[in-house]
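Asker: Read off the chains here:
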Amino acid sequence: MAEALFQISEPGESRSKEACKGRAAGIDLGTTNSLIAIVNAGEPQCLPDERGEALVPSAVYYGADGTIAVGARARHELALVHPKDTIVSVKRFMGRGPNDAEATRKLTPYVFAPSAASDPVVRFSVAQGKRAVTPIEVSADILRALKQRAEAALDGPLDGVVITVPAYFDDGQRQATRDAGRLAGLEVLRLLNEPTAAALAYGLDKKVDGTFAVFDLGGGTFDISILVLDGGVFEVKSTGGDSALGGDDFDRAIAEVLLARAGEDAAAGGNAQAARAVLDAAKRAKEALTTAHETPVSVTRSDRSVWNGVLTRAEMEAACQPVLNRCAPACKQAMKDAHITVGNLDGVILVGGATRMPLVRAFVKELFGQEPLADIDPDQVVALGAAVQAELLAGGDNPGDIVLLDVVPLSLGLEMMGGVVEKLIHRNSTVPCGATQTFTTYADNQTGFDLHVVQGEREMAHEGRSLARFKLTGVPPLPAGMARLEVTFTVDADGILSVSAQELMTGQVASVQVKPSYGLTDEEVERMLLDSYAHADEDVRLRLLTEQRVEAERILSATRAALAATPELLQGDELPRIEESMAALESLKGGTDHNAIHKGIENLDLTSKNFAARRMNRALEQGLRGRDLGVIEHEIEEHKVKSHGSSEASH
Amino acid sequence: MICWSCQKNVAATEFCSACGAILPLDGRPDHFTLIGAPMRFSQDMAALERRYKESTRAVHPDKFARADAQARRAAMQRTVALNEAWRTLRDPIARAEYLVRLLGIDVGTEDGTLRRTETGQEKVAVDPTLLADMMEKREALMEAREQEDYAALARLARQVRASYEQALLEAQTALDRQAAGDTERAAKCLVAVRYYRRFLDSFEDGGHASPGAQHG
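Protein sequence lines correspond, in order, to chains A and B.
The first sequence: position 292 = 292 (our numbering), numbered continuously.
Position in the second sequence (first residue = 1) + 1000 = our numbering.
Please keep in mind that the hints were generated in silico from the structure rather than gathered at the bench.
Please note that the accuracy of each hint is not assured.
To be verified - Here are the in silico distance ranges between beta carbons for each label pair: (1) A:Pro48 to B:Met1039: 51 to 59 Å; (2) A:His598 to B:Ala1047: 50 to 58 Å; (3) B:Glu1054 to A:Ala314: 52 to 60 Å; (4) B:Met1045 to A:Lys599: 26 to 34 Å; (5) A:Gln370 to B:Pro1128: 47 to 55 Å; (6) B:Arg1198 to A:Thr312: 51 to 59 Å; (7) B:Ala1047 to A:Ala318: 51 to 59 Å; (8) A:Leu606 to B:Glu1054: 54 to 62 Å; (9) B:Ile1002 to A:Gln370: 39 to 47 Å; (10) B:Glu1054 to A:Ala443: 43 to 51 Å; (11) B:Ala1152 to A:Gly343: 29 to 37 Å.
What the hints assert, rightly or not - Computed cross-link-like contacts, SDA-like style, restricted to lysine to any residue with a CA-CA straight-line distance of at most 20 Å: (12) B:Lys1053 to A:Asn428; (13) B:Lys1053 to A:Val233; (14) B:Lys1008 to A:Asn428.
Predicted, not measured: the structure shown is a model, and the values here were computed from it.
For each residue, glycine too, the CB sits at the ideal point set by N, CA and C.
I would like the entire structure built from these sequences, with the hints used as guidance.
Answerer: And the structure:
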C-alpha cells in the first residue's frame, strides 16, 4: 500500500504521451442529447451508433428487473410506457437539492424519493419504487453508454475525457458532473465550458482572430459568452446565462397552450404518462414548426377523450417569446462585462438544438445586429470542441500553442457577521484563480472556525447560493486575537473550489472539513475525503523524507567534524562501529524510506553517544566552567548547524 | 531551490534548469516581478499583455493535465498568481493602489489609509474637505432625484466624473514622478477616487446603493 502510494508521486512517472494518443474523447453531456467525439487525423468527429446517429438521447430507463436502458429506446419507447422509471433531462437536477428541484418538478412525471430537508441531493424513485437514484448516478449511466460507444469505435479503452458543462454551472453542478464521470469509470481531464468548446471548434476551423459571442440555448440551459480569439489564446471575457432556461421551457410553454386549448388544467399535474405525452406532442410541434407554418396536434385528456387541433407557428412563437425574452438581460450584461458593444463583435456563434428555431435566430440577429454563424451543426459543435481540448490535454500532436483562458461564472464569497457576503473571487475572474483571507480568533484557545461559502452576486448570504460550509480545525490554542488563520480559496481550471488554511504564527496547517450544501451523497463526500487524505498522505510522506534526509546529512557532517577534531577521545572499537553506522546511514539517505533513514540516524546516535558525552565533558573541563550547561549545548548545536550549512553549500 | 523532480539545487525560475520540470513559486513575488514588468505606474499595456499571455501559455494547468501531482500543483499555483497579477495590473486604479501598497500605504480601508511605519501601521484619516464635499453632493443628488430634476442630475454626474478623472490623473502623475511625498499624494488621490467611484456607481444603480453599503 505504502509502496503503491509512493509510486504515484514518483517524479517523472507520468504516463507516456504516446500511450494516450488518440484515446482521449470529448463529451457533451447535454440536457436532451449527449454526444462523444474524438480527434481523428487532426479532425474532430462525433462517434455515431450503428445506425449512423451521433446523438444519444439523455434518457435512462431503470426497470424493476434491474435492466438499465440508455438512449433512443429509453427516450422514445420506454419513457412513454414507464414515465416514472425513465429519467430525461436529468441535467436540470445536477447539483440540486430537494428544495431547488421543487421549481423544476412542475410537469415532470418523476416520483421523488422522500428525503430529509438536510439531504443535499435529489433522489428519483425508479424501477417501480425498488431503487432510488441520484442525478449523478443517472448521468453516470449516460456516460457509461458513451464510453462503451467510444471504446467500441477505438477498439480499446478510453484513457481520458473532457466533459462540457454550461459556463453558468455553479460549483455544485460542476462537482456533480465530475463525480458522474468518476462514477462511470472515466478519467475526467477537464470540465470545459460549452461556449468555450464551441468557440474552439469554430476558431480552429476558421483560424481567425476577433471577438465572438457564443449564444448557446440547449435543452435545459442558456449560456452567453463573449470570447476573444487572439493568436491561439482563447480568452473568455465574460459569461452569463441561466442554468434553468432552455428548449424544454419552450416545450413546457407550448404544452401549457395545448392543455389549455384541450380544456385541461396544466397545474393539476394529472398522471405522469399524460404529462410526458403532452410534452412530447409540444416538442414535436415545435420541431415541425421550424420549417412548417402549421402542424396538427392532439392531446389525450384525463377522461381519455382526445382533442385534435392545429398549432400555427405564430401561436407557437407567441407561447415561446416570453421564455426567449428571458435571454436578453444576460446578453446585455455579458457585453457590458466584456466592455464591448454589438459593433465590436466579429461574429455570433449559435449552439444548441433550440437555436434551429427561426424565432431564436431572428431574436439573436436583432439582439446582436448581425446574422449569426451556424455552419457547424449546433448539436455537434460543443462535442467537437471538447474533443479538440481532450486531444490537447492528452498531449496529442495538435498545435501546442492553444490556451483556453476561462472565467468564474459567479462570484464566490464568505458569509461574515450579520449575514453579509464578502466577495473573495469576483465573477469573470480568469481561472484558475485564488484569494486569501486572514481570520483572527476571538476567544482564548479557540481551535476552530466555521466558514460558509456562498456563490452569487447578492449582498446577503441567504440570497446567494449556499455552496459549502467549512469547518477549520486544528488551530493551535493561543490567546484571543493571537492566532491568525490564513484561508486560501482556489478555483481550479474546472471551475471547482478548494480551500486550505494555515495558522500564520506557528505555520501549522489547519484541516478543512467540507460539507457541501448540495449535490453529493454521503458516500461521495466520504470518497472525496478519502481522496484528500490520499493526497495528504503523499504530501506528508515527501515532507518526512526530505526532513529525514536533511537530518541525516546534519548528523553525518557533525560526526565527521567531531571525529576530526577529537580523535583522541575515541575508545575501544568505537571508531569502526561509528564508521560502520555512518556508512549505513550514508547509503540509506539515498533511498526513499524515511523510516529507514530515521532508524539509521538513531543507530548513529547510539554508537556515537559515549563519544559525544566525552566531548561534552572535555568542553566543560576546558575552562567553560561556571557557564550554563544549556549555553554550551546550544553552542554545540550551533556548531552542528554551521557544519551542516557548509556541507550543504559544497553540494 | 531544490527541484522536486531531480532533487538538484537550481535557480528558482519557471522551469528547472537541470530537468525541465515546472517549479513552484519561490515565496510570493510581487505582481510586477512575476509578469516581468518594471515596477512603476506607466506601463506598455500591449507588452504587459503579451508577457502575461506568454507566461500563461507556458505554465497553464492545461499543459500539465497528465503530469504528476507536484507539476500540476506548481502549474496551478503559478497560473493563479499570473492571473491575479494581470487582473491587478491591467486596471489603472487597481495598479495604482497596488503600487502605493508596495510603497507602504494601504488604501483599502473605508476610513482613510494605513501607512506602514517602523513599528506597525498608522491610520491616516480621510481629508475632511473631501468628506464635506461628498456629503454636499449626496444631498444634491437626493434633492435632484426627489424633484426629478434630470438636468441637475446630469450636471452632478459630470462634475463628479471630472473630479474622479482629475484625482486619478493626479495619482498617476505622482506615482510616475516618485518625488518626496508623492506616495502620500497618490494615496490621498486614490482615496478620493474610491469615493467618487462609489458615488458614480450609486448613480448607475439608480441610487439604491447608499454610502457605506459596501460594508456591513
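Asker: When the structure is checked against the list of hints, which entries are broken? Sort them ascending.
Answerer: 4, 9 and 14
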